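Number of protein chains: 2
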Amino acid sequence: MKKLINKPEDVVKEELEGVALAYPDLVKVHFDPDFVYRADAPVKGKVAVISGGGSGHEPMHGGFVGVGMLDAACPGQVFTSPTPDQMLEAAKTVNSGAGVLYIVKNYTGDVMNFEMAADLARTEGIRVLNILIDDDVAVQDSLYTAGRRGVGTTVLAEKIVGAAAEKGYDLKKVADLCRKVNINGRSMGMALTPCTVPMAGKPTFELAEDEMEIGIGIHGEPGRKRMKLKTADEITEMLALSIIEDSTYTRTVREWDEDKGEWVDVTLVDPPFKAGDQVLAFVNSMGGTPDIELAIIYRKLHEICEKKGLKIVRNLVGRYITSLEMQGCSITLLKMDDEMIELWDAPVKTPGLRWGI
Amino acid sequence: MKKLINKPEDVVKEELEGVALAYPDLVKVHFDPDFVYRADAPVKGKVAVISGGGSGHEPMHGGFVGVGMLDAACPGQVFTSPTPDQMLEAAKTVNSGAGVLYIVKNYTGDVMNFEMAADLARTEGIRVLNILIDDDVAVQDSLYTAGRRGVGTTVLAEKIVGAAAEKGYDLKKVADLCRKVNINGRSMGMALTPCTVPMAGKPTFELAEDEMEIGIGIHGEPGRKRMKLKTADEITEMLALSIIEDSTYTRTVREWDEDKGEWVDVTLVDPPFKAGDQVLAFVNSMGGTPDIELAIIYRKLHEICEKKGLKIVRNLVGRYITSLEMQGCSITLLKMDDEMIELWDAPVKTPGLRWGI
Numbered sequence: 001m002k003k004l005i006n007k008p009e010d011v012v013k014e015e016l017e018g019v020a021l022a023y024p025d026l027v028k029v030h031f032d033p034d035f036v037y038r039a040d041a042p043v044k045g046k047v048a049v050i051s052g053g054g055s056g057h058e059p060m061h062g063g064f065v066g067v068g069m070l071d072a073a074c075p076g077q078v079f080t081s082p083t084p085d086q087m088l089e090a091a092k093t094v095n096s097g098a099g100v101l102y103i104v105k106n107y108t109g110d111v112m113n114f115e116m117a118a119d120l121a122r123t124e125g126i127r128v129l130n131i132l133i134d135d136d137v138a139v140q141d142s143l144y145t146a147g148r149r150g151v152g153t154t155v156l157a158e159k160i161v162g163a164a165a166e167k168g169y170d171l172k173k174v175a176d177l178c179r180k181v182n183i184n185g186r187s188m189g190m191a192l193t194p195c196t197v198p199m200a201g202k203p204t205f206e207l208a209e210d211e212m213e214i215g216i217g218i219h220g221e222p223g224r225k226r227m228k229l230k231t232a233d234e235i236t237e238m239l240a241l242s243i244i245e246d247s248t249y250t251r252t253v254r255e256w257d258e259d260k261g262e263w264v265d266v267t268l269v270d271p272p273f274k275a276g277d278q279v280l281a282f283v284n285s286m287g288g289t290p291d292i293e294l295a296i297i298y299r300k301l302h303e304i305c306e307k308k309g310l311k312i313v314r315n316l317v318g319r320y321i322t323s324l325e326m327q328g329c330s331i332t333l334l335k336m337d338d339e340m341i342e343l344w345d346a347p348v349k350t351p352g353l354r355w356g357i
Numbered sequence: 358m359k360k361l362i363n364k365p366e367d368v369v370k371e372e373l374e375g376v377a378l379a380y381p382d383l384v385k386v387h388f389d390p391d392f393v394y395r396a397d398a399p400v401k402g403k404v405a406v407i408s409g410g411g412s413g414h415e416p417m418h419g420g421f422v423g424v425g426m427l428d429a430a431c432p433g434q435v436f437t438s439p440t441p442d443q444m445l446e447a448a449k450t451v452n453s454g455a456g457v458l459y460i461v462k463n464y465t466g467d468v469m470n471f472e473m474a475a476d477l478a479r480t481e482g483i484r485v486l487n488i489l490i491d492d493d494v495a496v497q498d499s500l501y502t503a504g505r506r507g508v509g510t511t512v513l514a515e516k517i518v519g520a521a522a523e524k525g526y527d528l529k530k531v532a533d534l535c536r537k538v539n540i541n542g543r544s545m546g547m548a549l550t551p552c553t554v555p556m557a558g559k560p561t562f563e564l565a566e567d568e569m570e571i572g573i574g575i576h577g578e579p580g581r582k583r584m585k586l587k588t589a590d591e592i593t594e595m596l597a598l599s600i601i602e603d604s605t606y607t608r609t610v611r612e613w614d615e616d617k618g619e620w621v622d623v624t625l626v627d628p629p630f631k632a633g634d635q636v637l638a639f640v641n642s643m644g645g646t647p648d649i650e651l652a653i654i655y656r657k658l659h660e661i662c663e664k665k666g667l668k669i670v671r672n673l674v675g676r677y678i679t680s681l682e683m684q685g686c687s688i689t690l691l692k693m694d695d696e697m698i699e700l701w702d703a704p705v706k707t708p709g710l711r712w713g714i
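Protein chains in written order, with this note's numbering: chain A, 1 to 357; chain B, 358 to 714.
None of these hints come from the bench; they were simulated from the model. The model shown is predicted, which means the values in this text are computed figures rather than measured ones. Among the hints, erroneous ones may be present.
Here are the simulated lysine-lysine pairs, DSS-like style, with alpha carbons at most 25 Å apart [claimed, not checked]:
{"#": "1", "chain 1": "A", "residue 1": "Lys228", "chain 2": "B", "residue 2": "Lys364"}
{"#": "2", "chain 1": "A", "residue 1": "Lys28", "chain 2": "A", "residue 2": "Lys180"}
{"#": "3", "chain 1": "A", "residue 1": "Lys180", "chain 2": "A", "residue 2": "Lys311"}
{"#": "4", "chain 1": "A", "residue 1": "Lys7", "chain 2": "B", "residue 2": "Lys587"}
{"#": "5", "chain 1": "B", "residue 1": "Lys529", "chain 2": "B", "residue 2": "Lys449"}
{"#": "6", "chain 1": "A", "residue 1": "Lys308", "chain 2": "A", "residue 2": "Lys274"}
{"#": "7", "chain 1": "A", "residue 1": "Lys311", "chain 2": "B", "residue 2": "Lys370"}
{"#": "8", "chain 1": "A", "residue 1": "Lys28", "chain 2": "A", "residue 2": "Lys92"}
{"#": "9", "chain 1": "B", "residue 1": "Lys370", "chain 2": "B", "residue 2": "Lys385"}
{"#": "10", "chain 1": "A", "residue 1": "Lys28", "chain 2": "A", "residue 2": "Lys13"}
{"#": "11", "chain 1": "B", "residue 1": "Lys668", "chain 2": "A", "residue 2": "Lys13"}
{"#": "12", "chain 1": "A", "residue 1": "Lys2", "chain 2": "B", "residue 2": "Lys585"}
{"#": "13", "chain 1": "B", "residue 1": "Lys559", "chain 2": "A", "residue 2": "Lys228"}
{"#": "14", "chain 1": "A", "residue 1": "Lys228", "chain 2": "A", "residue 2": "Lys44"}
{"#": "15", "chain 1": "B", "residue 1": "Lys359", "chain 2": "A", "residue 2": "Lys225"}
{"#": "16", "chain 1": "B", "residue 1": "Lys364", "chain 2": "A", "residue 2": "Lys225"}
{"#": "17", "chain 1": "B", "residue 1": "Lys664", "chain 2": "A", "residue 2": "Lys28"}
One side of the interface only, derived from the structure: several residues of chain B facing chain A at Cβ under 10 Å [stated by the list, open to error]:
{"#": "18", "residue": "Glu371"}
{"#": "19", "residue": "Pro579"}
{"#": "20", "residue": "Thr679"}
Backbone N, C-alpha and C define an ideal beta-carbon position, used for all residues, glycine too.
With the hints as constraints, model all of the structure from the sequences given.
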């Protein structure tokens, strides 16, 4: 295993120490339980937006803490769910009284722990709502999930919802917006190479020199198909068409009903894309793929969207939700309306995403 | 070779097409000869700042074109110098009449071609000055250079000098500032893995599973020493101390003398770092190294700087000058004065670096 680390068991702790030293004007780090939070938290009158998940996907989530995005992020060990005590302490630290939204990627451990944390927070008098992100069209169920996995749309949700909270939306409106982003976003990824979890010391899977995995998960979970390496244009087409031609997706998720005071089943329906839609096109590196290749992917994606009548009104090209050093990419398309565009454009200042400030 | 590309010979062209599609509000791309330039160029009354070099180091240089940084960037093929016709056309396109500064990394091909381009531009009535960046303390001469290579300080020079040009500095002042940044910046890099140039199809060098290369160049040129893999803390110490303890570095470079109308030899003296210095600390990924590892490096670098009495007043942690998918990192320390800090903080809006706008 070749990594710039000291002891594998210290990776997350030492990374957080580095983050605290590098960005003292933006974030603070609380240790034991571990979470990264806004240096100016709690922000008076503002709904607090919190996310979290296994480490190894940086800059998500800790790199998105700051003005206009997350109030806190709870990192687990690499590819391991954080625990409810992290989420609870984070909520207590950043809650200003206006309530907390937990943005939760759909992985069994994350979902369970964020629900538990929400229940605990409510017993301490904090209003909390949980919204799920489940946008990966590759597979229905996977190693870590029941239902679609939460991937690229998470980054976009954190930006858009973070801007809304900054603007003064109340908790209910922030949660509704987050749900809207989720049902309008779809993603799919692929890998050329695996990655190595420091504590495991060996690659999460193996791929022959001429093979790739289409539909890979961000933890190296198997995808739709292992196949011979194809050209960038062919790969882009496979990912983009899987997203664009995905049909209506209906499922039931659990959300907290504040009126009833209990968890209820909510049916979510993702409408398919259609000609005339305005979209944000997000080309993401899995970590080890260079910018030069992302630009080649974007070039083809732009052509495909045009051909399908999708108008790209905003884009994001770079490394935002990664799997350590994995080579590969993912594509996310998010149908945008005017509200979402305005919130996307709003100022943001975090270690991983910054403009307008 | 596993890459998200189509034909190896089309990589740079298709990348530039992707860049043009992704950032139409920031940059335009001119093909044949190839260069990326500010969408609003020429900017009236402003000195134009141009850089360039082989592709494969993205976001440098094309990703640094935009408000507050470069006016144009000339990309060669991967790890290959651009040609004088690119640099000349770029100068003609972005020159507003206030003259052009070429920021040139010290590689034999780049130096020669930028000098030739400057001579050609002058015959067309454009004022041009060339300033060299030669900041790599690892080796004196290498495969591509006579003297120290130009590496991480280039990114910092492009930001600081770009801000000065935006602010209205005249050509002479912009060039003087660039020279000042160069003599105050020092860098050193290391690699855990090689990278593969698309046209070559195989890795630029080989490293055993337990080996690393200290002092590597950004084209995979051999460095100071190949050795057994060490911990992140030990590696950080090797790089940081090589920089901090580097003694006065004196060499002669060629610069254009506008009064004499000829190239003259100029002696440059890099003063060593000393306790009490204010520095910008830049931890850079060679491309394939994840953020989590960069934060671990930064943590140790911060400790070392403190111990040595260097005060980190600004920092930059991420992927800015890369070698395709190479895993590894480089450290740059730049001694800052108040002028440089103010220019560093000035707004910038490019695909690769953005704040304040």
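Each hint tested on the structure:
no., hint, verdict
1, Lys228/A with Lys364/B, "holds (16 Å)"
2, Lys28/A with Lys180/A, "violated (30 Å)"
3, Lys180/A with Lys311/A, "holds (19 Å)"
4, Lys7/A with Lys587/B, "holds (11 Å)"
5, Lys529/B with Lys449/B, "holds (19 Å)"
6, Lys308/A with Lys274/A, "holds (8 Å)"
7, Lys311/A with Lys370/B, "holds (24 Å)"
8, Lys28/A with Lys92/A, "holds (15 Å)"
9, Lys370/B with Lys385/B, "holds (14 Å)"
10, Lys28/A with Lys13/A, "holds (14 Å)"
11, Lys668/B with Lys13/A, "holds (24 Å)"
12, Lys2/A with Lys585/B, "holds (11 Å)"
13, Lys559/B with Lys228/A, "holds (19 Å)"
14, Lys228/A with Lys44/A, "violated (54 Å)"
15, Lys359/B with Lys225/A, "holds (17 Å)"
16, Lys364/B with Lys225/A, "holds (24 Å)"
17, Lys664/B with Lys28/A, "holds (23 Å)"
18, Glu371, "holds (5 Å)"
19, Pro579, "violated (18 Å)"
20, Thr679, "holds (6 Å)"
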